[in-house]
Every structure is written in C-alpha cells, then in structure tokens.
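J.: Generate coordinates for the entire structure from the input sequences, incorporating the hints supplied.
Chains as they are written, first to last, in the working numbering: chain A, 1 to 115; chain B, 1 to 289.
Please note that a few of the clues may not be correct.
Short derived list, chain A residues pointing at chain B, Cβ under 10 Å [to be verified]:
1) Thr13
2) Gly66
3) Gly78
I should point out that these hints are in silico values taken from the structure, not numbers from a laboratory. Backbone N, C-alpha and C define an ideal beta-carbon position, used for all residues, glycine too.
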Amino acid sequence: MSSPFASVLAALTRQRGVRASLVVDENDGIVVDSNLQIGQDGDRVAALAASLYRKARLSAGAAHLGTATFMQLEAERGRICAAGRNDLVLVVVADPAANIGMIRVEMIKAAGGLP
Amino acid sequence: MADDVRRWSDELARDPASLVFLPLGETLRRQGQLDLALKIAMRGLERHSHNPDAHDLLARIAVDRGELQRAFDEWDMVLRLTPEHIGALKGMAFVRFQQGNTPEAEQYLQRAAERNGGGDAEVAAALANMRAAGRGLRQAASGKREVPENGAQPASRNPLPASRVPVPASRVLFADILGEHEQTALLLDDQGLVLAGTYVDGDGNDVGDEVGAELSGVTDAARRATRHLDIGEWRAIVLETEVAVVTMAPSAGDGLLVVAASKATPLGLVRRVLDRCLERARQWLEAGR
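T.: Structure representation (structure tokens):
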C-alpha cells in the first residue's frame, strides 16, 4: 500500500541529481515516508535535516521574518533542501550538479500540499 | 574596486595635491584598512586643511577606530568651515549620544533637522526616538514608570536610527558593506552569542540576541549532517521566508555569520554580501577584534 506522499517523493527523486527524498516529522525527526537510494540511512538523514530546519525556522521566527518556506544547505559535495508545513518537513538530498532551481520549485509546491 | 584604489593611488603618487585622497581614503575605510585610510586622510589634510570633506573623512575614520573625541573635533571643524553640514551634525550627535550626553546629542539632531527643513527622515526618527528615550530616563530617575493601559511592557527602542545607533565599533562592523539596503548582518560565536553586527527586525529593533540563541548549534548540526552524508564541509545555508532571505556561513572558531535581506533582494546579491561580510569578519577576528 502506498502512502499519501509516495507520488510526491517519487516525483522529487526523478529530478536529476536527487539522491533521497523524505517526509519527516519536524518535532521528533522521525521518517513519515521516504524514497532513498540504496545505502542511505533515512532515519539519520531525517533526524539531522529536521533538526537543522527547525533551528533555522525558529531563528526566522525570533527575527520576525514570517514563516519559513525553503531551506538549503550547501556543502562541498552535495546539498540538503527542506520545505515544511504543519510540523511536516519535506527533505531532499542532492548532488552539487542537481538543478536546484527546479527542485526548489517542486518542493515548495509539494510542501504546500502537505496535510 | 581594486582597480579604483590602484588608479587613485597612482594619481596621488603623480600629484600629491590631488583630491583623489578623498575617495581613496573612504574606500580604504570601508574596506576596514583603517591605518592606511588614516594615513591617506592625514596627508590629504596637510595640503587641504580647509577642505570640509577631508575633515569629514578623518572624522569617519576616527569613529571606526573608536576615537570618538577625535571624530567630534573633526566634525566640529567641518561645521566651522561649512555651518550647514548635516552629516557633521549627525556625526556629532552620534558621538555625544555614545558618550552618554543625550541632551547635547538631541541639540545637534535638532540643529540638523532645522538646517534641513525637517526633510530628513532619519534625523526626524532619531529625534523622536531620542525624546522617547529621554522620557524613559527621566521616569527611571524619578522612580516612576509609564505603563500602558493594557499593562503591556513598553518596548525598548533605540533612540537613534540604525545608522546612528550609539554602539561599539563591533556592531557597525558590516555597516558599509550592507549600505542603505534592507540588509542586516550578525556574527555569532560557537555559543550563539553576538560578536559583531546587528540583526534588525522590520520594526527597527535589534533582535540579535534572540536570533543568536535560536541559531546556537546550527554549525554543529550542519556539520553532523554533512559528515553523515559524506558531502564535505558545509559552506552556506539559505533560508527563505515569506518576507526575507537569510543566508548563513561558518566563520572562524565554529562561529556563524548571518546575513538577512528583504525577499526582493536577488539571492545572488545576498550571497555576495555574505562573502564580503565573511572576509570582513575574518580580518576582524585575526586582528584580535
């Protein structure tokens, strides 16, 4: 049986350079659903990404900057992207060569549809 | 910019009486090369001792060096040469406020407002805020405190607008890079404590401490995430919100540099500002603050 997020995750994972996509509970960092390449530890990725997104989102709140819509962490050999709504966070792990503009648009659109 | 500095330096070498020492000194000041800027300004003043812009330049360099009284004296000279010089009046107000002399600061701001026919929004806002702060001080001195009817605590307000806030030099470390645009920058240590810069919200309040508290641990969290995923060292975090773009990057000693800009600011521009602020922070930290 597929989860309500399966089609969203599959669409994101089809984007060039995407290694993993997950839906995570922001509060406890637990995976709600995921679409991972072989060898990825989804639980750990979820917990770390959710923690990072939560810190960034809370800092935006402290600065009165309104609701966070998208977060991207850039590293030497990859990126972590996150977009959230109602305690759920959509997380994508991508290669540096990924089309981040397209991924961003897809993630913001998909996050808008999170319950 | 480097080309300009070279060109002006060459011109000054050819013609020591040239007025290019003014843009050259100002550019060096903005780049944080204060000793060199001071040297250029002093040499220029030797040949142009009655040039108000030269004294104004020296005053601004002095403020950046933390030499407030020297800055005041230079702006005083500017006023002797050009009594209508609004910048000098604002600068003198800034110095007096920083020295704790609020009444005199208010007088200078009042003079600036009168000279400008009330058309300078920054001066008007500074005057209003300073008078509000003055009321608060008087109430504190008399043991009384104004409490709104709804019982809410009055918000603390800076008596001067951000560009004239009487603060330590560390808090204006990035001011020239940020310019007049809707941008703000903050340098945090590994505990999330503010080392330099400010984080001004839409109402003009500095919420740097609150932002720093929320961001404490971001560097560690980012490092753990990138190590676990084996994607190398993290270089930047970009957070988009409804109204702003916030960029962060690691700085020396596990610190964090945060730059925020309005949503209308192109992301590429915000990244360039972040890079320049990072370089400024590096120089500042290496120089022992």
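J.: Each hint needs a verdict: does it hold in this structure or not?
T.: Checked hints:
1. The beta carbon of Thr13(A) is not positioned within 10 Å of any beta carbon in chain B (closest approach about 16 Å), and the interface hint is therefore violated.
2. Using the Cβ-Cβ criterion of 10 Å, the hint placing Gly66(A) at the interface with chain B is satisfied: the shortest such distance is roughly 3 Å.
3. Taken as an interface hint, Gly78(A) checks out: its beta carbon lies about 3 Å from the nearest beta carbon of chain B, inside 10 Å.
Consistency note: the structure conflicts with earlier hint 1 alone.
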